[in-house]
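Asks: Okay, here's what each chain looks like letter by letter:
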Amino acid sequence: MAEIVRVRDLRKTFRVLDRRPGLSGSLLNLVAPRHHEIRAVEGVSFDLQPGDLVGYLGPNGAGKSTTIKVLTGLLVPSGGEVRARGMTPWAERERYVRGIGAVFGNRTTLWWDLPVIDSLELLEPMYEIPRERFTRNLKEFSELLDLGPFLDTPVRSLSLGQRMRADLCAALLHEPELVFLDEPTIGLDVVAKEAIRQFIRHVNRERGVTMLLTTHDLSDVERLCERVMILDHGRLLYDGTLLELNARFESNWTLKVDFDEEYRDASLPGLQPPLREGRQAIYSFDHRALPSAEVIQALLARFKIADLEVRRPPLEETIRRIYAQKLLLP
Amino acid sequence: MARSLRLYFRLLSIQLRSQMTFRISFWIDMLTTGLLNVSYFASTYLVLERFGNIAGWTIAELAFIYGMAEISFGLMDMIFSGFDPDWFSNFVRQGALDQLLLRPVNLFAQLFGSRFLLRRLGRILQGALVLAYAFANLPVAWTAPKLAYLPLVIISQIVAMGALFMMGSTLIIWTIQPIEAVNIITYGGVEMMSYPASIYSTWLRGLFTYLVPLVFLNYYPALFFLDRPDPLGFPVFAPFLAPAAAGVMLWLALRFWHFGLTHYQSTGT
Amino acid sequence: MRFFLRIIKLSLLQQTTYRAALAAGLATNFVFGLLRAAVVAALYNSQETVNGLPLQAALTYIAIGQAMIAFLFLFGGYDLMMTVYSGSIAADLVRPVSIFTLWMGRDIGKALVNLVVRGLVLLLVFSLFYPLILPDSPAAWLWTVVSLLLAWLISYAWRFLINVTSFWTPDARGLGRAAFTASQVFSGFLIPLRLYPDWVGQLSQHTPFPAMFNTSLEVYLGLLQGPALWRALINQAAWALGLSLLCFLLLRLGLRRLVIQGG
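Protein chains in written order, with the working numbering: chain A, 2 to 331; chain B, 840 to 1108; chain C, 0 to 262.
Hints are supplied without guarantee of correctness; some may be wrong.
Now the in silico label distances, taken between C-beta atoms and shown as ranges [as the list claims (entries may be wrong)]:
#: 1; chain 1: C; residue 1: T206; chain 2: A; residue 2: V17; range: 47 to 55 Å
#: 2; chain 1: B; residue 1: F865; chain 2: A; residue 2: N107; range: 29 to 37 Å
#: 3; chain 1: C; residue 1: M0; chain 2: B; residue 2: S864; range: 37 to 45 Å
Here are some, though not all, of the chain B residues that point toward chain A, as calculated from beta-carbon distances under 10 Å [claimed, not checked]:
#: 4; residue: R845
#: 5; residue: L846
#: 6; residue: V931
#: 7; residue: Q933
#: 8; residue: G934
#: 9; residue: Q938
#: 10; residue: L940
#: 11; residue: P943
#: 12; residue: N945
#: 13; residue: L946
#: 14; residue: T1101
#: 15; residue: Y1103
#: 16; residue: S1105
FYI, nobody ran anything at the bench for these hints, they're computed from the structure.
Glycine residues also receive a C-beta, built at the ideal position from the N, C-alpha and C atoms.
Based on the sequences and whatever the hints tell you, model everything.
Replies: Okay, structure coming up:
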């Protein structure tokens, strides 16, 4: 199956002017400017298959937005090969952009002063969407995203959640095959986030739209993506499924126990002493070495237990450990 | 091409609609701007009354070049307002240029269509009034060639000054902040063009002849329209260089813009 | 008082960071000065003096005009009304100082920087192109300084008044544009008032505008002597006082309205 996005050894280096302070500094900058280099992306390679819904993670400054800018045709890379939809994005901008969509969490793609519906209607001639397809999509998305109540409201008066839903609709009306979502749930409340996630999943499943999702909210990733890519300092540290990520790195599980009696010493051999508070104890163990069943059996053998709860670490903690300890240094 | 034009007009109508929704303040705005500009001319007129003429140009003759410059600048300001460096710098800083690049439409059509200031009509109308006064009071024979060349000159002026705006905006891709020097050339330029070029010192006039050829856009054509002799000794065809001057400036502006855009796409600001 | 001085100092320091803007302003003023001077010189043609204003004096007038625009804020200002509209005026209202005084302090800081950087530097540059007239006695210098200070005060009060209307109308900006154009024309900034027909001069005497600019320049150029000089200075002082009182009054009324309405 032909991939829809193909990135090979993508490199992007920025030359930044050294800013020197003061008046003399500005003068010096004019005559003898000095630069330093920022390597935003250093040799990133990956493929996206049609219908993929992939999470693109990394700390701030990792190079995520640079990659997205290259893939949307806004930025020309310093090196490497990029093919998407069979084209080189920045070289054939108008043709390429016709088949992609983009949603940005921090700014809207709609016209600020216009009612939502006017903005959306403008997309029809812009993307040359056949009239009946446009109407059909608009109706469907409008229902799914519940845009009805605010279709006539100017974009500047919308709440964040409303604006995000409108932007999502706008990004998909022309039925792009490839969509980039840059922090689509940022700043939203739980209910709004869920609505957006459901919509994204629906579009991906029903219409087979390939999506690249950049986010800092790892619950988005857990709910939507099977596959994730982790970027740090311009390098791709991980490209694989979430399952495998957890299996390899998710080590620190905890077991919360409520005892039936008071125990002075509740430690288990081979395990760290638990955190104690009255009849409660919390045990930590390395899940890769010790399945939870073994720990539970050991506990049941020694103590009288009233209640038991096994906790996996949130994805966030796993990822944090990966960033911090650079567990995936290639 | 046709598609871009259609989209441009569609964007324009959106601009106009949203500007006309603030009904009363729109008219007040236009009125005040018009009055503003009228008062500027009125003050020049009043002073001229006392002196009778300036450098041998009568009030009516002055009204002619003044009115031409005003009408053209007003029209340019209205049409090219998307390229106004002061506004463009905000635009780029907010990342809006990227938004335009993400759409499958010609960038120019979008930029021109992103801003169209109807309230500039005030200045345009004022220019028209001043020009009307000139026509009413000039003892000049308006032959067919003159009448044919007149709109061409106005268009040339619009294009030339629009080119300056465009160059000023292109600079912003490197400097982020608008460069005041550009404002001096555009606003200073229209001020300079409003009076006969013969009153300026040699080097100042040279600046606006050889560096930014605004002298060929208003003064020289005016010599032709008003049947006046040329005190500066330029070749006989000088009055007809206006479209050429505008064309050259536009060409330079477009090349520079293209260069700037390529740079933008390789640095992403 | 110390607080007031502190405000001035802060404003001053803040202005010095806008180096690029200052340089840009300088360049603009310089070019426009050259253009206007050319127009005036062409007008004079071969005449030596017009309505008591010699050509030299007229050219000096234009040069000083450009040098002083920034100091006298002749293009107006919309800062105060912007804080009213955005609501950030709340921060100022908490201070134990009158808004009038607070903004005056800020204005003085800016004015001082503009005076030195744009004013004096520009004068030096202009003097390279045109022979500029200088006051011929220490007394003349003294009166010029007094007159300029009064002019600045009048300009400040006028700007304050216009901005204060923002307490009542959402479109003070439009009003400002009209008002500041009037002040540019009738203050003699565009063209020395003496070059206009007499009726214009007479009409503008009923407005504070000539006192904002034209008067000070005539003092500088030595066109006003003896009783005429006194009359001019007293005229300026009267306008300064009158407008300031009006400011206090309107500010009082406006604030009351603001507090009641809830902004």
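Asks: Confirm or reject each hint.
Replies: Each hint, compared with the structure:
Between T206/C and V17/A the C-beta distance comes to about 54 Å, which sits within the given range of 47 to 55 Å. For the pair F865/B and N107/A, the beta carbons lie near 32 Å from each other, so the given range of 29 to 37 Å is met. M0/C and S864/B have their C-beta atoms about 42 Å apart, which keeps the hinted 37 to 45 Å range intact. A distance limit of 10 Å between C-beta atoms decides the matter here; for R845/B the minimum to chain A is near 7 Å, and the interface restraint holds.
For L846/B, the interface hint holds, since its Cβ comes within 10 Å of a Cβ in chain A; the closest pair sits about 6 Å apart. Because the closest C-beta pair between V931/B and chain A is about 13 Å apart, greater than 10 Å, the hint is violated. The interface hint given for Q933/B holds, since its Cβ lies 7 Å from the closest Cβ of chain A, which is under the 10 Å cut-off. Hint status for G934/B relative to chain A: holds, with the closest Cβ pair at about 6 Å, below 10 Å.
The interface hint given for Q938/B holds, since its Cβ lies 6 Å from the closest Cβ of chain A, which is under the 10 Å cut-off. Because the beta carbon of L940/B sits about 5 Å from the nearest beta carbon in chain A, less than 10 Å, this interface hint is met. The beta carbon of P943/B is positioned within 10 Å of a beta carbon in chain A (closest approach about 4 Å), and the interface hint is therefore held. For the restraint placing N945/B at the interface with chain A, the shortest Cβ-Cβ distance is roughly 7 Å, inside the 10 Å limit, so the hint holds.
Checking L946/B against chain A by beta carbon gives a least distance of about 9 Å; that is within 10 Å, so the hint holds. About 8 Å separates the beta-carbon of T1101/B from the nearest beta-carbon of chain A, less than 10 Å, and the hint is met. For Y1103/B, the interface hint holds, since its Cβ comes within 10 Å of a Cβ in chain A; the closest pair sits about 9 Å apart. Interface restraint check for S1105/B: the shortest CB-CB distance to chain A comes to about 5 Å, inside 10 Å, so the restraint holds.
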